[in-house]
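Make a model of the complete structure from these sequences and hints.
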Amino acid sequence: MQPVAGNERLPSDVLCLKDMSNLSLKVIEARSSEIAAVLVNPLQCFHLNQSPPSDPVLSSNNRKVGPSPGYKEWLHRLRDTCKQGGIPLIFDEVYTGFRLHPRGAQGAYDVKADIVCYGKTLGGGLPIGVVCGPTDLMARGDARKAARVNYVIGTFAGHPFVMASMNAFLKWLETPETTKSYDVMHGNIDSFIKTANAKFQERGFPIQLTNWFSVWSILYTKPGRYHWLFQYFLKDAGVSLSWVGTGRLLFSLEWKKEDYDRLLERLLAACEQMQKGGWWEEPKANIKAKLGVEIGTAVFKNLLGLTG
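Be aware that the sequence shown starts at 148, since it is given in this note's numbering, and climbs by one per residue.
Hints are computed from structural coordinates only; laboratory data are not their basis.
Because the structure is a prediction, the values reported are computed rather than measured.
Check each hint, because a few of them may be wrong.
[As the list claims (entries may be wrong)] Derived lysine to any residue pairs resembling SDA-like cross-links, with alpha carbons at most 20 Å apart:
(1) K341 with K403
(2) K346 with K327
(3) K173 with G217
(4) K369 with D283
(5) K230 with D283
(6) K346 with L438
(7) K267 with F398
Structural data, given as structure tokens:
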């Protein structure tokens, strides 16, 4: 779908359809005889029919965590449409697999895909890509054409160490203790988010935490020109975060209540320093308009060679 450097193939035989659109379902129904499969990334629920947020895109609308309302019901409708048309439904669970639920997005949304793609999580962190599905869909050969064989190769495909790690991970995943650990994690996260937001509001800090299972983010409740400084105060408080890319953060399944309590203490300490330094004073002018003028002026001067 992205014919750029590293992907020389032009997507002339791919349909790009909108999520949560009745028209998309109609297209799938009408062209079911032509469609080999429907591929969905469940994480797309964060930003329907838009590119994922990135560093240049900083609007609050894009810094979103959580599914769009009705997305679960949409996936069930898509599942039914694919089933009726005899079209395999593929889930890209490289990000969501085993992170939200022992069954990934399939478990979180209570929907079963025909084929699922996983990444390093399934290999215990080792570099591996995995495609899972039933025998009839995963067959490498075509019974009607003997010479038609799917070519599969990978740097670590079948590597003994990677296979042993995957085996250990899958056995661990099936234990009752593991299932319980997900429930404990979600309980700790819900408690942490609720307690943290109450304290932020009580002390007048303009931030709010939001989460979707173990995926979470820090949102600002008031406009401010110096919110970007918060990451440095967090670092001083002992919290090192990567603030590049989507702004989404992840909780570990291994975290205990004490870890969440310690994180909250450090978040509050960073907030105190931000407030003490006056960095959260409300702006006197419209931030977007002022930045637009500054950036536009700088670009104009650069074009005319007036800089320097």
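How the hints compare with the structure:
{"no.": "1", "hint": "K341 with K403", "result": "holds (16 Å)"}
{"no.": "2", "hint": "K346 with K327", "result": "violated (29 Å)"}
{"no.": "3", "hint": "K173 with G217", "result": "holds (18 Å)"}
{"no.": "4", "hint": "K369 with D283", "result": "violated (54 Å)"}
{"no.": "5", "hint": "K230 with D283", "result": "holds (15 Å)"}
{"no.": "6", "hint": "K346 with L438", "result": "violated (32 Å)"}
{"no.": "7", "hint": "K267 with F398", "result": "holds (17 Å)"}
Violated hints, listed in ascending order, are 2, 4, 6; each of the other numbered hints is respected by the structure.
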